[in-house]
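Novice: Listed below, chain by chain, are the residues.
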Amino acid sequence: MGKIDTRVWLVVIAATLFACLAYVPAIIREGDLGFAVSDVFLYEAMINGLLLGGVLALLSLGLNLIFGVVDVVWICYAEIVMLGMYGIYYLHSVYGVPLLLAMPAGILLTALIGYAVHHLVIRHLLDSAPINQLLATGGLLFFFQSVATLAFGIDFRNLGVSLGSFPLTEDIYISWSRLAAFIVAAGCVIFLYLFLTRTFMGTAIRAISQDREIMTLMGAAQGRLYLISSAIGGGLAGLAACLLVLQYDVHPFVGLSFGPITFMICVLGGLGNMVGGFIAAFILSELIALGGYHFDLEWGYVFAFAFFIAMMFVRPEGIMGRRS
Amino acid sequence: MLALSNVDAGYGTFQALFDCTLEVKAGEAVAVIGPNGAGKTTLMRVISGLIPARGGRMDMEGRDLVATPPHRIVELGIAHVPEHRRLFPRMSVEDNLRMGAFVPSARAAYARRLDFVYDLFPRMKERRHQLAGTLSGGEQQMCAIGRALMSEPKLLLLDEPSAGLAPVIVQRIFELVRVIREQGLTVLIVEQNVQQVLRVVDRAYVLEAGSIRMSGSAEELAASDDIRRLYMGL
Numbered sequence: 001m002g003k004i005d006t007r008v009w010l011v012v013i014a015a016t017l018f019a020c021l022a023y024v025p026a027i028i029r030e031g032d033l034g035f036a037v038s039d040v041f042l043y044e045a046m047i048n049g050l051l052l053g054g055v056l057a058l059l060s061l062g063l064n065l066i067f068g069v070v071d072v073v074w075i076c077y078a079e080i081v082m083l084g085m086y087g088i089y090y091l092h093s094v095y096g097v098p099l100l101l102a103m104p105a106g107i108l109l110t111a112l113i114g115y116a117v118h119h120l121v122i123r124h125l126l127d128s129a130p131i132n133q134l135l136a137t138g139g140l141l142f143f144f145q146s147v148a149t150l151a152f153g154i155d156f157r158n159l160g161v162s163l164g165s166f167p168l169t170e171d172i173y174i175s176w177s178r179l180a181a182f183i184v185a186a187g188c189v190i191f192l193y194l195f196l197t198r199t200f201m202g203t204a205i206r207a208i209s210q211d212r213e214i215m216t217l218m219g220a221a222q223g224r225l226y227l228i229s230s231a232i233g234g235g236l237a238g239l240a241a242c243l244l245v246l247q248y249d250v251h252p253f254v255g256l257s258f259g260p261i262t263f264m265i266c267v268l269g270g271l272g273n274m275v276g277g278f279i280a281a282f283i284l285s286e287l288i289a290l291g292g293y294h295f296d297l298e299w300g301y302v303f304a305f306a307f308f309i310a311m312m313f314v315r316p317e318g319i320m321g322r323r324s
Numbered sequence: 325m326l327a328l329s330n331v332d333a334g335y336g337t338f339q340a341l342f343d344c345t346l347e348v349k350a351g352e353a354v355a356v357i358g359p360n361g362a363g364k365t366t367l368m369r370v371i372s373g374l375i376p377a378r379g380g381r382m383d384m385e386g387r388d389l390v391a392t393p394p395h396r397i398v399e400l401g402i403a404h405v406p407e408h409r410r411l412f413p414r415m416s417v418e419d420n421l422r423m424g425a426f427v428p429s430a431r432a433a434y435a436r437r438l439d440f441v442y443d444l445f446p447r448m449k450e451r452r453h454q455l456a457g458t459l460s461g462g463e464q465q466m467c468a469i470g471r472a473l474m475s476e477p478k479l480l481l482l483d484e485p486s487a488g489l490a491p492v493i494v495q496r497i498f499e500l501v502r503v504i505r506e507q508g509l510t511v512l513i514v515e516q517n518v519q520q521v522l523r524v525v526d527r528a529y530v531l532e533a534g535s536i537r538m539s540g541s542a543e544e545l546a547a548s549d550d551i552r553r554l555y556m557g558l
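As you go down the protein sequences, you meet chains R and F in turn. Residue numbering for the first sequence follows my numbering, starting at 1 and increasing by one per position. Residue numbering for the second sequence follows my numbering, starting at 325 and increasing by one per position.
Just so you know, these hints were derived from the structure itself, not from any lab. Where hints are given, some of them may not hold.
Quick list of the computed label-pair ranges, beta carbon to beta carbon [what the hints assert, rightly or not]:
#	chain 1	residue 1	chain 2	residue 2	range
1	F	T458	R	G96	51 to 61 Å
2	R	M201	F	Q516	33 to 43 Å
3	F	A432	R	G138	53 to 63 Å
4	R	H119	F	G557	52 to 62 Å
5	R	G138	F	G336	26 to 36 Å
Looking from chain F toward chain R, a few residues come up when the C-beta cut is under 8 Å (computed) [stated by the list, open to error]:
#	residue
6	P413
7	R431
8	H453
Built from N, CA and C at the ideal position, the CB exists for glycine as well.
Please take these sequences and the hints and turn them into a complete structure.
Specialist: Put into structure tokens, the structure is as follows:
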């Protein structure tokens, strides 16, 4: 049980860090704890951090799922999100497909891309050195970016759909699209959890990440499980695209604004560990939101990356990772 | 039931099995004994398709095993309890058993098979929510055998079920082999623990350096001077 205690401690330490990050700058600035505690904008930043965390959790879940099963890190994962965003944008804004149809179509598109990435590229590299697998998925990142640039140009595009915001209290306003993103992401996480724990296929996906060879003895075709996981991972990227396209402009390099953070989340949580990734998503998103509130948005990322680097020294295997 | 004729197999440039011919009839329990590195585990892995056979024929009830993809072999009624048990350590006992019933035919009978395994191993029912990696060695072996039984096999391949277990537990594992036979299963077992295994099987093959050197009834082999000297230390 010693290990679980360490994890609890880490969460406590992280929570303390948040509190410090949240209140200390305000106390220093205002010289008054009372003001910091009643600072509504601070709470708004915290809530926005939480809402951002939902989408990041969803992204890290997809990446972790694929890594856990296939044992290959998809460097190009965020670019699949980008393609999904373009898909939804074109269907809705250019071809006039209703958003509620365009979104499932976008999810289907990215699921197919996920399937194709495994079928056309990864499948042939399963026995290659890990560095070659990384180079291949890294190459796909540039490939997807270039294809998007050629096909769609480098203009920033957006759906032009605004869901507006609503007041949570008199002073705190929450954007509907962020709240929707959080709720959908949370729902999807629960759904995925039930799939992985309650169904034969989901249990097999967990099992194959623990022992590949034995699942063959159980009668599971390895290649098929890999394809299913890759398609689900791709579909999750599409779902994230649905949620992000409501909040951000689409351009060929949009993946870079959340790709790296997604990897950090996965590594911080313990690569392949979905629960760890889920927790890490909220830790980093809060760091970004609170750092961004007290200083600048860029500083939020600096804090998040610094925390990540520090954690790699303290716990290189990740929050929930196992020491190997 | 299972027939191997002139089977060759190996890894890379290394050949581990030479011209192995072996038969297991329905209802029998057959052991393969031999020293470390003789190719016993390779033999089991060839039968369950984890390693392709390079030559020879293998049939299970008249169906060609060589041409069957590895993940289809369990559907022919062969369940393999691998060396070192190889449970899914970070999954519960029940999830491990569930994976044993992964093939569609077994999935349909999952609840019934689970009751069957829990009746056979009440200990597994007590521990069903425990992570398999935290079970004791003997319990892990029970869980691995239970997992194999979930697919309702006709032939059970047991690879070194007694390895790494305390003597008292080893005794119990061999008793389990008897219990399994009473359920009407055919058993092919690989063991280093020659003296004990010869008490629970009908026949045995002696595998040395990848070739079958000797075969006979359990009584014959247990009485053989060579076997007694080489494998039982008598």
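Novice: All hints, please: hold or fail.
Specialist: Right, here's what the structure says about each hint:
Taken as a hint, the range 51 to 61 Å holds for the pair F/T458 and R/G96, whose Cβ atoms sit roughly 57 Å apart. Here the CB-CB span from R/M201 to F/Q516 is close to 38 Å, well matched to the stated 33 to 43 Å. Checked against the hint of 53 to 63 Å, the pair F/A432 and R/G138 fails, with Cβ atoms roughly 44 Å apart. Against the hinted window of 52 to 62 Å, the Cβ-Cβ separation of R/H119 and F/G557 comes to about 55 Å, which satisfies the hint.
The supplied range of 26 to 36 Å is met by R/G138 and F/G336, whose beta-carbon atoms lie about 30 Å from each other. Residue-level restraint check for F/P413 holds (minimum Cβ-Cβ distance to chain R is 6 Å; threshold 8 Å). Hint status for F/R431: holds, given a least beta-carbon distance of 6 Å to chain R, under 8 Å. Annotation: F/H453 was flagged as interfacial toward chain R, and the flag is violated, the nearest CB pair being 12 Å apart, outside 8 Å.
In this structure, the hints that do not hold are numbers 3, 8, in rising order.
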